[in-house]
Amino acid sequence: MNVKFAFNLVAAEGIDPARSISAYLSAQAELIWGTAASIIIFAVIFKFAGPMVKKAMAARTAAVEQELNDSAAAKTTALAEANDIRQAAGDIDAERQRLIADADAQAEALLDEGRARLEVEVAELNARADADIISASGRVSDEMRGEIARLANAATERTLAAGVIDDATQQQLIEAFIQNVGQNVSQKMGATS
Amino acid sequence: MSDARIEGYARALFEIARAEGTLDEVEDELFRFARSYESSDELRSALTDDMIPAAKRQAIVEDLLGGKATGTTTQLVSMVVGSGRGKDLPAIIDTLVARASSAKNLEVAEVRSAVALTSDQQDRLKAALANATGKQVNLKVVVDPSILGGIVATVGDSVIDGSVRTRVDQLKSRI
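Residue numbers (the working numbering), protein chains in the order written: chain A, 151 to 343; chain B, 112 to 286.
Worth double-checking, as some hints may not be accurate.
Claimed, not checked - Footprint (simulated), chain A over chain B, 3 or more residues, beta carbon under 8 Å:
(1) 224-231
(2) 236-250
(3) 267-280
As the list claims (entries may be wrong) - One side of the interface only, derived from the structure: several residues of chain B facing chain A at Cβ under 7 Å:
(4) Leu259
(5) Gly260
(6) Gly261
(7) Ile262
(8) Arg285
(9) Ile286
Hint data in this document are derived by calculation from the structure and do not stem from the laboratory. Think of the CB as a built atom: it goes at the ideal place given N, C-alpha and C, for glycine as much as any other residue.
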């Protein structure tokens, strides 16, 4: 509300601004004492409430500064964490790459080892198969020789049992023995003719 | 039976045969009987079975040899079998033959042949063996079909084997 508006309001109410309201003081005195009282009141307020207000303001300033500092620290921490996270993400990626490379290397090594082992096993199997074939061949050959010998022996026994040595042959054998013993006079006894 | 007892029996049989004047014939017959005894399980078990009475065993001997051998041979074998010494009969007879040969300064030559030898063959074989050994031999021929053919001659510890059986066995082992 400005002064002009105030005078207009007083004029509208029919109040004389030059006339004092107080019954004891004139308008001028009332203005002086009123002004002085106001100054005193303001001084008292400044004297006693000022420090408190100043202190409160300082505290508020400190709180704001503290909040700003905390915010800055939080921001720094957040930035550091973000940096750490980014670094960790980078490390994870590197670790992932390393693990993949290790896995690839191990897989390759396993494949190489498996191939080598398979080649050795195949070679051993081939050698064993060759040996088995040779052994089986030899065994079959031995069995055939044995069977032939058995059949030959059986045939010989049957032939002899059938009495194929006739009397003439018997006599030839006897004469041959006598002649052989007679011709080998110097032969040492004990030898089998 | 101990060697002394076998020797005693052999000496007794030898003296009896010599006293009878049939030593050569008895010796030959006993030798052949001993080989037959060795080759026949049935005869061996019959003459050595203690469950068979001695008289029965002697009857078996007389049935076998009666008419085929001299009475002296039959009686000597019957005596040995009757006294329960049947299982020692080959050893007794071999000792007797050795004693008889020794008495004649001869070496026993046991000859096994698949078929019987003629007298001529026996003479020539005896001469051949005498030449080969440097000793006069007392030839004892045994017909043994198991040798199949040829001859096996044993003089002392020496063996001259010309049998078909041995050659067949050698052929078998070579096969």
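Hint by hint, which ones does this structure get wrong, listed from lowest number up? Violated: hint 8 alone.
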